[in-house]
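Trainee: Sequence:
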Amino acid sequence: MTGESKRLNEFFQRISEAAVFLSRNALAKNPVRIVSHLDADGLAAASIVARALARLGVGFHVRILQQLDEESIPEAFSGKPGFIVFTDLGSGNLDLVHSALQENGGTCLILDHHQPLELAIQERENLLEVNPCHFGLDGGEELSASGLAYLVAKAMDDVNISLAYLGLIGALGDLQDRSEDRGFKGLNLRILDDALQKGQVEVNHDLLLFGRETRPLHKALATTMSPLFPGLSGEEDQCLGFFNSLGIPVKDGDRLRVPADLDQEEKKRLYSGLVEYLVTRGLQASEAKRLIGKVYIILKEGRFTPLRDAREFASLLNACGRVGKAGLALALGLGDRREKVLQEADETLALYRRKLTQQLEALEKSQGTIVELQNLYVVRSEEIVDERMLSPILGLLHFLGRFPKPKPVLAMSYSGEGKERLKVSIRAADALVNAGLNLGIIMEGSAREVGGRGGGHAIAAGATIPSEKRDAFLATIDRRIGLQIGGKLLG
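Residue 766 is where the sequence shown starts when you use the numbering used here, and the numbers rise one by one after that.
FYI, nobody ran anything at the bench for these hints, they're computed from the structure.
Backbone N, C-alpha and C define an ideal beta-carbon position, used for all residues, glycine too.
Be careful, since some hints might not be right.
Taking CB as the label site, the calculated pair distances span [unchecked claim]: (1) 1068 <-> 836: 40 to 48 Å; (2) 926 <-> 769: 21 to 29 Å; (3) 1214 <-> 1171: 24 to 32 Å.
As a list, the in silico SDA-like pairs of lysine to any residue whose alpha-carbon atoms are at most 20 Å apart [unchecked claim]: (4) 1184 <-> 1151; (5) 771 <-> 900; (6) 1032 <-> 1051; (7) 1054 <-> 996; (8) 984 <-> 998; (9) 794 <-> 771.
With the hints as constraints, model all of the structure from the sequences given.
Mentor: Quick look at the structure:
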């Protein structure tokens, strides 16, 4: 048996242990509290656990948190619940969970895929952690929290194979479509196989235009982030003219057409037109290849809804979490398709986009918000960006090309009601990660050095730190990035 096979066997043994642990404790300590993260992966993971519990005949309560730290851990344990399941949270704060268990009693299961806390906490009968990172698996690319929750649910009962598509949605929300054709890797492929065998999804090789089922053609092209088309990206009017120049109708009668309406000949014409567009502007035609890849269609969902394309579904869940509508996200994850729920989903997406636009415009109007340090860029967004919107705003700034050098980018926002704490988000390009950068390790160590908490994945991470330690934290993280990758690719 190879080392990889041995690790996989040990991991699936752990999955089996977790399934027994979850079933036994859920039946004995009904109802169960599920505590999860507010992003698409966390919300999908919570939905999977909730549906598995419902099939056991066990009640549940769900609490959604921005992060797990000293301030939020009392909320997770309030009312002294008998059994808590943490999803997409916990591994980076195992010491806090351990202390809370000692103080409050109860039992905890942690299903997380973030890089674990280096501090070793001996597990007890009332605490079980499952994390692919402990078995040499990449939680950043190969398995999300929702995928992990799905594997545990499947091990509980094969009937839960019906939830495989939710594991894929969560993985897409965490940007785990990281193969060359925007497909899955590792254990995510096993989950995809389950979904395919049960007829839950269809996989097509197609144009990866954002809003495939819902956005008018010109808006879909304008908001597609990978690749960027200078002069078209972010410019709806220019995109409208571009489709007209190609002879591709943007309307079918009175209805605006969406990317899913395009026939094969129109797709070829659009792709060829975009290749020519890049070449005439002195860019590499090969960039257009990133516009083609795997599309995941959820077959039971209605056409022209944001639920049919798995990436759009993930975007909707993320939007719900970011604007304080976690209950709506959970309703969708639990299968509620009433008209009023779908209408609220559309309204929530619109609200999320307005908030993004407003905060991005406010940030761009402010002077001196982007500061370049030796080894990273810092976005001084504390007074402007809501902490729940920090990560998507950072993604938009990348999309708009605001950072000319290939350095990691860090943004900050005040956390909570006062200004005592800062929420920090950081991300880097694949090339830096391939060169040895691990932002999760850097963020954990840098935050701990100034009395905060942090962690995440190699490519993206987050932290909460005391506001008064901001400058010391930035100096520390700048130094650690330089030490870890030795100036590679930083320009």
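Trainee: Does each hint fit the structure? Answer for all of them.
Mentor: Quick rundown of the hints versus the structure:
| no. | hint | in the structure |
| --- | --- | --- |
| 1 | 1068 <-> 836: 40 to 48 Å | holds (44 Å) |
| 2 | 926 <-> 769: 21 to 29 Å | holds (25 Å) |
| 3 | 1214 <-> 1171: 24 to 32 Å | holds (26 Å) |
| 4 | 1184 <-> 1151 | holds (12 Å) |
| 5 | 771 <-> 900 | holds (9 Å) |
| 6 | 1032 <-> 1051 | holds (17 Å) |
| 7 | 1054 <-> 996 | holds (18 Å) |
| 8 | 984 <-> 998 | holds (9 Å) |
| 9 | 794 <-> 771 | violated (34 Å) |
In this structure, only the earlier hint numbered 9 is contradicted, and the remaining ones agree with it.
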